[in-house]
Structure formats: structure tokens, C-alpha cells
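Please model the complete structure; the sequences and the hints are all you need to start from.
Residues per chain, in single letters:
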Amino acid sequence: MAECHPVAFRWVSQAKLQGAKLIHVDPRFTRTSALADIHAPVRAGSDIAFLGGMINHVINSERWNTEPFFKEYVVNYTNAATIINAEFKDTEDLDGLFSGLGEYKEGAWGLNGFVGQYDNKTWQYEAAPVGDQGRTANTGQSGEQPVESGQPGAEPAPAPPGPPYDPLIQAMPRPTPNRDPSLQDPRCVFQILKKHYSRYTPEMVERVTGCPRDRFVQVAETLLQNSGPDRTSAFCYAVAWTQHTTGVQMIGAAALLQLLLGNIGRPGGGVMALRGHATIQGSTDIPTLYHSIHGYMPHPTALKKHNSVAEYLQTETLPKGFWSGMPKFFVSYLKSMYGDAATPQNDFGFAWHPRIAGDHSHMPMMLAMSEGRVKGMFAMGQNPAVGGQNAGFQRKALAKLEWLVVKDNFETETAAFWRTSPEVKNGQLKMEEIQTEVFLFPSAQVAEMDGSYTNTQRLVKWHHKAVDPPGDCRSDPWFTYHLGKRLKAMYAGSTAPRDQGFLNLVWNFEPNPEEVADSRIKDEPSVYAMMREINGFQTATGEHLKAIGDIKDDGSTTCASWIYCGVYPEEGRLLAASREPDPDPLPGANLNWGYSWPSNRRVIYNRASARPDGQPWSERKKWIWWDPTKGDPAKNEKGKWVGYDVPDFPPAKAPDTPADPNGIGMAAHSGTDPFILKADGKGWLFTPTGLVDGPLPTHYEPVETPVKNPLYSQQNNPVYKNWAREGNEIAPPEDPSYPYVLSTYRLTEHHLSGVMSRWLPWLAELQPELFAEISPELAEEKEINNTDMIRIITPRGEIQAKALVTPRLQPLMVADKTIHHVGLPWHWGYQGLVTGAVVNDLSSLIGDPNVSMHEGKSFVCNVEKA
Amino acid sequence: MAQTAQGTPATPAASTPSGETSFPAGTPIIVEGTPALGGSPMPGGSPPPPGTPVGAMIGTPAALETPAENTAAFPAAVPFDAVPMGFYTDTTVCIGCKACEVACKEWNGLSSYNGGVNVLSGDSYDNTRHLDGQHWRHVKFIEQFDNTNQGRQGRWLMMSDVCKHCVQAGCMDVCPTGAIIRTEFDTVVIQSDVCNGCRACIGACPFGVIEINPTNNTAMKCTLCYDRMQAGLTPACAQACPTASIQFGAIDDLKQSAQQRLEQLQSLGETRAQLYGADDKIVGGLNSFYLLVDEPEVYGLPASPQLPSRNVPTSGLMSTAGAVAMGVLGLVGLRKRRMDQFAAERAGTGQRDEEVTGD
Amino acid sequence: MTSIGSIGSLVLAQTPPSDTFYTHAPEWTWLIVVYFFVGGIAGGAAFLGAMLDLFGAPQDRPLARLAYVVSLPLIAIGGPLLIWDLNRPERFWHMFIQSETGRPMFKYWSPISFGAWGVGVFGLFIFLAAVGTLAELGHLPASLRLLREGVVGKAVSALAGLFGLFVAGYTGILLAATNRPLWADTTLLGLLFLLSSISAAAAVLILLSWRWGHQGSVHWLAEMDVYSSLLELVTLIVLVISLGSVALEVWGNGWGVLLLVGTVLIGILLPLALHFRPHLAGRMSLPSAAALVLIGAFVLRAVVVLSSEAV
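Sequences listed follow chains A, B and C, in order. Residue 767 in my numbering is what sits at position 767 of the first sequence, and the numbering runs on without skipping anything. Residue 8 in my numbering is what sits at position 8 of the second sequence, and the numbering runs on without skipping anything. Residue 272 in my numbering is what sits at position 272 of the third sequence, and the numbering runs on without skipping anything.
Treat the hints as calculated values from the structure; they're not laboratory data. Accuracy of the hints is not assured; some may be wrong.
Calculated pairs, DSBU-like style, for lysine-lysine (alpha carbon to alpha carbon, straight line, at most 35 angstroms) [to be verified]: (1) A/K21 / B/K336; (2) A/K546 / A/K375; (3) A/K21 / A/K461; (4) A/K621 / A/K194; (5) A/K16 / B/K336; (6) A/K708 / A/K194; (7) A/K640 / A/K71; (8) A/K16 / B/K281; (9) A/K400 / A/K485; (10) B/K255 / A/K621; (11) A/K546 / A/K621; (12) B/K336 / C/K154; (13) A/K865 / A/K782; (14) A/K802 / A/K865; (15) A/K635 / A/K621.
Predicted model, so just to flag it, every value in this text is computed and none were measured.
Okay, here's the thing in C-alpha cells:
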């Protein structure tokens, strides 16, 4: 965190100055480790073994079993007590597999890449069928072919039309899962997970991770002692957890542990995703993701029953909890897309909306490109020639494009692939044969435009333009807006059905003259108009929506992203731009500093910060609580939720409110169900739906690994994504040709592929050359001296780097073998002020089955002196 | 000692294209100072008596207390009170991010080694190596690990180094042009438009802070952002430091918080924790002082640095003695020669001068 | 495993012998070495000339004249070397006049400041002495002989000699007024340079006059050379002993060998041997010894300046 998020680390430093303990678990001793009280070295990719060991340690500890807080939190706020389907088989029963594994058959798209697939029917809550608890991923189904109607396997009743869509929700089955609050039933979640993690002993943790067991126990104990009614602990992770074929499960394991420790929904708790760069959170809220539309609604797909708004809603809406509002969010979203053209009569233009047909994430798209199936590409602030996995493969794919638009600050490696890439230098690509037409557009910098950032804790913050960009440099909004305008002009008058959606797209962000009065660029689109559309407004009057509750399902409201509703409650009052800190003394939630979606809630699920009876768990950790004196008698309220934060809960719903078995939405939840986005209102220790690779995090080896899985005979994730291609060879487990674990990472001094840093002398001189960090032990073994040039070899490629021999790397004893790590920061490329080999030439195109994330944090290599 | 009143124009001094720092006309300066021979309690130009106490300014200019017309992010341009100001660097929270190095360069318009095309040093993550004319901030990295190869433990010490703004400043003592001055904030500043590049200050600095800046060919170092301070702004490095490792403020306040932090660390069992330069034992005190968790030498700091002028009186005495000795020997020689000559003349064997004169 | 922990913790591995090892070199190199050499000879020559002038016999006057005439060009070379060595030579005058106020710039506690003034004043008096000398010799108007006559003449000679001594020795103090290894670790460099300058100046005058100079004058110069060489040797020995581990660090290498061979052996011991055993080189003993002394003096300055710069 100190290494890659130095600014966010200021809060950690401040906590440290107040006596907080900092633990760092990382294969390397980094700048974060330097500030940590405990550094626990682990082998890259063994995180679930470490986390599973902590789960096992916690639930078998004396403190957890005697301090009443833990049981009270877990029984009431998580699904620990929920009974699971009798047919469910755990990894303990099937030696590393869950029940339901079958073969995966590729569909028409052909690039989903799964090596297997689970049917999650047996993972469900007893008495609650598939789909009731959450959505399955859009590409997790076998043999995906465009469907005319219906979801494979299930055939629900025909969807009642709307609006209004309440009858549709009412018609959906809403069974209540069975629970055993004593947690004794062998089929309850708690007993299943207890058994599941029983083999994750400290000895096993040491054997799998290489972390000395006393260090592991020290970590687990510190965390346990620092959790409870008056103390909380937080987890922070960055891409080191996401970039694995088990990445989603790693983060799930952390969430599971935090739920067991009562660290969710409480101040100072949680699992913080430190994103890859600025406003990555924002780019998933209003997404660049292929599989979701604004506000985490599933992208309409050709693979499910999505033929009408009603069908889409019937397939995707959860009838219980806050997601039951999806008809409102979705219809208002369609209004933001097609404006006046979206009417109840034409199903709000739903037919115009694009559909997905498979996994269109980055790696499959580059594979499709390599097959000549992609004609053009926009790379705006993206540099796949350096940042893409198996970058050599991706550069060769770029040569198959007809056109490539790069909009960036400098001529990136992607823009220059056709003239300076290693493939052109070594003759694999011939410059004269590359037909790709490359357009390079100069980009404005962040300080040269107004806009917003959304930070990891969902905090939306406005930034103001400082100066006009120089010359022809233009902002991304300018480029996109004017491109859209010109395309609209080109398509004007077309009667082709496929063009109607584009022609009806609302595309009017003309600036208010005041906004551009001080600027040279008079046609800069209005980002305030964009924020207005994101926030939402009354379709008829244009009046801004004030809160999510204002959103309607009949087209009378327009709202692009329901989760942002309220950020701009009236003209001239953009809450993202507010900068008023709370007065001392703390604690305070600083509610007037930026705006945190949804509804400015700073701690999500914060109902859990109070006991089931509504009183704070402790004075020290109180955040919101039930005040029986604050109710409005006129509204027949028994009290109000009050506190430092905005309650993430119906504001007047008393703690003793029972769940209405016939209710929809929030009425289906009781007054003790904090997890309002979940159908059952509970935090999920066990994940019955939504994940394609298992309901409980399980340690599998990385796909490329020097060891056999010490925990199970199942070696790796049984359903990961593997795109076997020439040029994307994968080393089998324990391949003696590639004995070392390779991890790629970033340095504080550079940013991503270096476009924002390697061109800057001030930053370039701080880390001028590519290096590979190795331990003195490995250096001695290979007779490598500090700063010697070395070769690093994987099945995909070979690069050269200078060796940085440092005791900060150490060999780990894993499964009776000494495992060496090779650490490679990946900021260098063949363009810019300081250049170096592209580290991602070594990595591979394989993916996590849930999110198609690559495994750049853990693969294997060999090292030789050059 | 010339010292003019405070209340200078608030124009932040600009770095001119030539890279020279120049300060607004009427800048109050204290020229040359007085000698600060080793051990002398006389500092090189004592600062003005403390005025109104200012609060501990850790990244927050005191000027914020004054109602300002401009309520935007920029504080009003009100210079700080003329009391000793400086840095307290708490190395225990330094994360080695080098934001200070970059912020310093950005504000002061400093160049980079070879235009940025530097060479990997191989010494931990330190590639800028030391303070010099174009690096006024420098982060040191010290790797300390034990020899076990299973579960190796150790420390990675980091420290952002900078000019110490010594209360008795050796550089200022030796400077023959008066380019090095002491400001109303008791900081030490090189006026690059006065410096002629004799480089005496480079060798005089006990900490190896100063070097020639290749852009304007004069000796340069940290000014403690004198231009920013005059406008009531926190120095760029302290402003950029994300972890409050670099704290800026009135020295008296900084010393207090440093003392508290020292006690906290010691109570947590960090017995190696020590302050460096927070008292007057090191060249009269450092207006940029440090909290360390090892001996100063580990951080590349001299344990007991001294003023360059300490050697001058003795050296002068020695040389004078030598000169006197040679003079006396010369006189004795001449005298002896004359006596010999008399003796020879008396013996009738003397030569006459004129016979051998060559002109 | 010995390599572990050695990377990046070099600071730990060896603590330097002195606090002077934490500093930066001012990059005073060949220009300064040459200046120290010629300036020292100029100062030493002025001193020797003044001694002969003020306290010698009439037959010493030719050598005194020679000393002044030699001294002037040497300091005229040395001064510009100093200016040339500045990074901003066009601002050399900032050492004498405050560029902002126009007032004189003088710091009596800064060797480089008072040194600059010292060299300047010396330059003035040696100029006057040399002008007077040239007038005496008929190369300049006779009225200028005033500078060599009477009270004025005595004063000019005395001041040239005194400031000559200053110029001969202050350079060592200049080095000592730093925090550099070797230079600041001793207070003997001023003395060392003073003695070496006198010996080198004597050597130059001997070389220029041994064929024609009055035997008594040349003999006196040779005596001065011997005295200063002997004292220099003693000073050097005391210096090395007092430096202790610093000497080992700075001179425990090629520089030490160069000093031993170039200065001690060639520049001091051999000339002394030739002096006390003149039959070794016969008639050439005197000039040979003088030439060797010059080599030694140059090597001494080169080693003292450059070995510290090399740390």
C-alpha cells in the first residue's frame, strides 16, 4: 500500500502514530513492509491457504468462542446459520472439488475459455432455488448460444408487462431459507465452513505458503485480538489479490474472515480494494466493464432471456432487498440512453440496446483481434503493448487491425508498435506488411479538465480544471463527444434497424457559455450536463432528482446511474465538489467532504455497526444506532436510526421489525438484516450463487507453479480460463525448466506502463532501468552479481533486466522445496525517455473464471546470467 | 548585520529560465553573518527574537488562521512570522515514495541527471544517490536484514534528507561573496545571483548538501522554500509528503512534537530512537532535524559534525610560527654570512661584491 | 552466507574514520593544484627577495630583483587560474565587492575571502616591487625607482614579503577550513605549504641564478631550501602520524606511494642528500637538487588536493 498507494497510506501512517498495528503479508519486503509491525512472507498465489488458516485459527480460538460479540454478530448478520442443500458436497468430500463439476463446451463466441463448469444447483440454500439469491455471471453457462427465450434450465412463468413492474416482482417466488441459530446443524453454513477449513492448520499454512508458522500465528492472533466490540481491523488489498486464477476467491476469503470477526459494516473495518489507478472505482460504477451497465446492473445479453424489459427484469431482478428496485433503475437508465424516444410503447427502446454474446473482456477481445475478428480499436489511456499479458502476442494482434486510435499524452508503445516494437525489430512483423492505420491523438491531462474521481471507498470527488490543455490536446469527454456528434451526422437519415439505437441516443452535452468563458476551447462538452444525467432528473421538468427514492419505473424519471443519484441534487450544488471537513474533535464521517455513493453513506452496511437491538456494540466503535425518541409519531414511527453516518438502512425501521414473508424489497427483510443488497439480508460466508468456481474459497495452486497442491489432489482452479494458442504456451506444474516463481508489480516512482512517468525526467531518474529483484541466495546459486544483466525466461518469451540482489527477497520452504521468487516491476517499454524490456512479454493469457482477470502475480520462470 | 522589517511583497519568487532563484526586491536578508568558530556560542547571524507564536504547522500554513478573501484551496499570501522555522523529519513514517524529491524539483524547476536517463545504482531503491545542486531533497534507503534464509527479518530504513539549515552554518561562514545568507526564519539560503561558483561551501558543509547546479553553474541547495514561506506557504516537500514524515513549522513547536514522538517510540520499546540535531550539540542545532532509529552514521550522517572554521586559528598559528621560524632562520643565515664575511675580510681572503654581480 | 545483508548496507559495514567522510568534494582539481604551486612559489620568492633586500648585503640585491621579477608573472598566472576555476568567472569581483550593495566584501573569518584579498594585496605590492625593479634596470622610467628606494622601497619590499608569506601558506588553511577528509582532519597543511613554498621558491631562484648569482646569495638560498625542506619533512611525518586512520584511508593507495616517492624521496631526501654530499653530482648538485625540490613541491600539492578529492 505504501508502495503503490502512498497518498492513501497517509491514513495508515496516522493510525500508526496513534498506536495502530500494521501487518503486511507479501512475498517481498516492500516499502509497506518497512512500516509494518509484522511482515509475513508468503509464496505468491498461496493467499487462500494463509487466509483459510486464519479462518480456521479464529473459529477454533478461545476468544472467538467465549467473547459473545462474535457469535451474536455472526448468527444475526451472516448466513452462518442458513441450511444448505442436502446434495451439496464440499472439497472435503470430493478432494478439492465441489459438487456439480461438469464439462464446458464453447458456444458461438468461442472465447470464453473455461476449462470446466460447475452447475451450482447443489450449492443453494435449502428451500431456495437457483437464481433467488443472486445473479450468475453472464458468461458462466455452457454451450452459450443466443437464446430466443428463457434461461437454460429454468422456465419461469411469462413476465407480466409493465410499467408498473411491481406485479412482476410480486409474481416472483420468494422462499425463506431454513436457519439453525445454534449453528449446530451439520448442513448449516458454519459447520460446512468449519469442516472446509479444518485442514488449514498452521503446519499446512507453513507448508503451502512458506511463511514460518509462528509468524502466521502471530498475524492471526494480532488480528483476532484487535477485533471485537470495541476494536476493528481493516483489510486492504490491491491487484496482488485480483491477478490470480483464484483472485475473486482470495478476496472472498478476506470478506469471509472479516464477517467472522465482525469487521464489516463497522468503522475501521471492511475490505478495501486499492484500485489500480485513479477512479477505477468510477470506471466500474459507470462502467468500462463489458458485462455490466451503470450501477452494476447486468448488461443485456443475447445469451439469456432478455427479449423485453419485462423479461430482462424477470431474469435479473432480486425480489427481496434493495435490488428489487431494479425496474426503476433500469427504466430510468433507458430514458438516459434514448430520452424522449424511449416510451412505454416501444419498451423504452430496449431493443436498440446492444447485447453481449460472451466474454468480451480485454484478453478475449485481443484473442479475437489476433484471429482477425476485430477491425478497429480505441486505446484511450491504455497501453496494451506493455500492460497487456503476453504482450508480444497482443502486439502481433494489433497488426491485424484495420485501424487503431491511440489517444494519450505521448506516442505510447501501442501507438508505435508498428515501427519500434521488438517484433518489428526481430522481423516477426514486417513494417511494410502491417496494414493497421494508426491515429495518434494528443490527450489533455487531468489538471486540464473538470471531472470527477471515484475513490476506492466510493467517494466521488470533483476536480477543477487548472489550465487549458496545450495545442490540440483535448480531454476524453471532448474527444468522445465530438466523435459521437460526427458519427451521428454520418448516420443521419439511415433507416437500417441496427442504426436506430445510435440515432436515438441522447447526445447533447453542449456547454453552458459560462462554463467555457475562460477557456480557449469553446466546444468543450459540459461535464456538468453529464453529471446531471448521471444523477438523474424529472423527465418532464428537468428538475434534479434528490435521492434514490425519487427514481420511478414509468419513464417519468431519467437517471443514468442510480447509485450516483443524489450527488447533484440541484443545479449549482454538486456535492462531489464539497470540501467541508468535520470540526474537531473526531469521530466524524466528514459527510460534507465529497460524496460517497449510495446516498452519501460512508460505511456501507452500517446497520451492522449496532447490535441487533439497535444499540452500539461499544462506545468506542459506535457509528449509527437506533434512537426510539426520534420517531415521527405522525408517520407512526417508533424511532430513527441516528449517528455519525447516513444509515445504510430504512431510516425508521425498528430493530425488532420482523421480515414480511409476503413482502417485496426491503419489507422482506427484518430489522436485523444489515446486508440490504442481499436477498436474505445477510453477509455471505458461503456463496450459493454468483461465483462460478465454488461457494467457499479453496486453495488451488496457480496454473503455473513449481509445486503440487499440498492441500488437495485437485491442482488448480477446476474452471479457470485457458486460451490455449500458439504463442501462449503454459508450463505444466513442477516444470523443472521453470523453477522460480515470478511476480510482476509496480513501483512508487512509476505509473502502470510508464506513459505518465517514463517520459518525465523527474520520475525517470528515480527508477531509470528495468530490474529483477532476486535474493542473495538465488544470486549466489546462479553466480549473479548485483546489477549484472540477466535473462528471465518463460514459455512465452525471454527478456533481459539488471539484477537487483537484495535480502528483501528470501527463499521460502514450500512443500519441502526451496522456492525462489523473482520480482519484476513492469513499467518499462520501448518508447519514452527511459526504456527497457516489456515484462509482460513473459506473462500468459489465462484468466480467473469469474472476472477474466489474468494471473500476472504468480507464474514461473527461469533466470540465467546474460 | 542588516535586517529589515518583515512584511515583504507576497510575490512568490520565480525560478527564472536560467534556473537561478531570485528573490523579490526588498527581501529581508541578513548578510554574511559573523564568524562561528568551533565551539563559539555565536551563531552565524542570530534570528530575530521570536514574535507571536505560531501553531504547529504540519502541512497547514498558519495563514489559514487569518480570514482570507480567497476561500479556495490556496491560502492567503501572508508571510509567516519571523521566527525560526524548519523541518522535523520523522524517519519512522517515511515510506520512501520520493514525492518530496519530485515536489521540490517541480517547485524549484530543477533538472535531472542526464535529462532523466539515469543509471540503476543497484543500491536499494536509491538512484539519485545524494543531495546536490539539482537534488535538494534525497531519500536514503538502508536495508538491514539478518542472515537467516528462512523467515528472514529485518528493517528497511528510509530517510528524506535535506539541507540542515544549521544554526551555525559552515557554508555561510566560508562563503566569500556573501551569497549565502541567513533569513528572518533562521534558515540558510544561497542567492544564486550572487554566487560565483568558488565551491568553498561544498567542501565546508559537514553533511555534503551543496553542489553546483549544472543549469546555472552556481552552488545550490534547499532554500526551505524561502519564496513560499514569504508567501505563507508550506515548503513544497512538506506539502507533498503523504505520511507527515516531513513536518514543517516553528522550530520550538516541532521540537515539542518530536520529543513526544521520541517518548512514544521509546515507550513502545524502540530503544534506538533518537533525535538528531534537535538540541544545540550539533553545530548549534539543526533547523532541519531528524528522528532516527539507529546511529546517525547508519543514515550517512556524521555523529559530531563540526564547523569548517574550527581549523583556522590553529592552522594560522602553525603557519605563522613556521613563517617566523623561516624568517629567523633566514636572518640567522644572513647574519652568519656577514659574520663569516667579516671574518674572511679580516683574514684578507674576502671577495669583493662587485666582481660577481651579474647585472 | 556472507553476501546476505551486504547489499545496500555498506554504510553499516564500514564506519568512516572521520566525520569528514560524509561530505562532498568541492572539485578543486588541476587548476587549483597549479595555482597552489605557482602562487606558493610567487609568495615564497617575494619573501626570499624581501629578506635579501631588507636584511641582506648589497650583493644580494640582484637576487632580490630576480625574486620580484619572477614572483610577479607567477602570481599573474595564478590569479587568473583562480578566476578560471570559478564556475561563474565573470562574477569573480563578487569576492571584493558586494554585488547587491556595492560595499566591500570582506570576511576575516573566511580563508577564501581573506585569501582573495591577500592575493590581491600581494599582487599589488609585488607589482610595485617589480615595477621598481624594472625601473632600476632601466626598462621603465627612472622616476619609478622611487619604489625601490628609501622608506617607500623598504615598505614595498616588506609588504610584498609579508604578503608573500601569506600567499605561500594560506592555501593550506583554505583547505583546512572545509570538512573534507585529510584537509579538515589536520591543522598542519598551512605550515606544510608554507615551508614547501619557501623551499620551492628558493629552488626556482637557485635554478635561475646558480650560474651568475653571487655565491653568498645562492648559498643563502640553498640554506633556506635545506631548512625548509627539513622542517617540511618533520611536518609531513607529524601530519601522517596525527592523521592516523584517515591517512590510511586517503593515502593507503596510489596517492600514498606518489607522495612517498614524489615528495619525500625525490622532493626532500634526494635534494638533502645532494646538499650534504655535493660530490654526488659535482657542479650540477645544486641545480639538480633545486629541480628535484620543484618536482616534490608540485607532487605534494597534487597529492594533498587530489587525494582528498578522490574520496
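Exercise. Does A/K865 lie within 35 angstroms of A/K802 when you go C-alpha to C-alpha?
Worked result: 10 angstroms, holds
For this session: Take the C-alpha atoms of A/K708 and A/K194, compute the straight-line distance between them, and say whether it is at most 35 angstroms.
Result: Since the Cα atoms of A/K708 and A/K194 sit roughly 24 angstroms apart, the hinted pair holds (cutoff 35 angstroms).
For this session: Compare the distance between the alpha carbons of A/K640 and A/K71 with 35 angstroms, and conclude whether the hinted pair is satisfied.
Result: 26 angstroms, holds
For this session: Compare the distance between the alpha carbons of A/K21 and A/K461 with 35 angstroms, and conclude whether the hinted pair is satisfied.
Result: With a Cα-Cα distance of about 29 angstroms, the restraint between A/K21 and A/K461 holds, given a limit of 35 angstroms.
For this session: Given the hint that A/K546 pairs with A/K621, test it: the Cα-Cα distance must not exceed 35 angstroms.
Result: 30 angstroms, holds
Exercise. Can the restraint linking A/K400 and A/K485 be considered satisfied, given a maximum Cα separation of 35 angstroms?
Worked result: At roughly 28 angstroms apart (the allowed maximum being 35 angstroms), A/K485 and A/K400 satisfy the hint.
Exercise. Is it true that the CA of B/K336 sits at most 35 angstroms from the CA of C/K154?
Worked result: OK: B/K336 and C/K154 at ~22 angstroms, within 35 angstroms.
For this session: For the pair supplied as a hint, A/K21 and B/K336, confirm whether the alpha-carbon distance does not exceed 35 angstroms.
Result: 85 angstroms, violated
For this session: Verify the proposed pairing of A/K865 with A/K782, using a straight-line Cα cut of 35 angstroms.
Result: 7 angstroms, holds
Exercise. Are A/K621 and A/K194 close enough, with their CA atoms no more than 35 angstroms apart?
Worked result: 28 angstroms, holds
Exercise. Keeping to a limit of 35 angstroms between CA atoms, is the pair of A/K635 and A/K621 held or broken?
Worked result: 31 angstroms, holds
Exercise. CA of B/K255 to CA of A/K621, is that 35 angstroms or under?
Worked result: Holds, because 33 angstroms separates the two Cα atoms, which is no more than 35 angstroms.
Violation of the numbered hints given earlier is confined to hints 1, 2 and 5; the remaining hints are satisfied by the structure.
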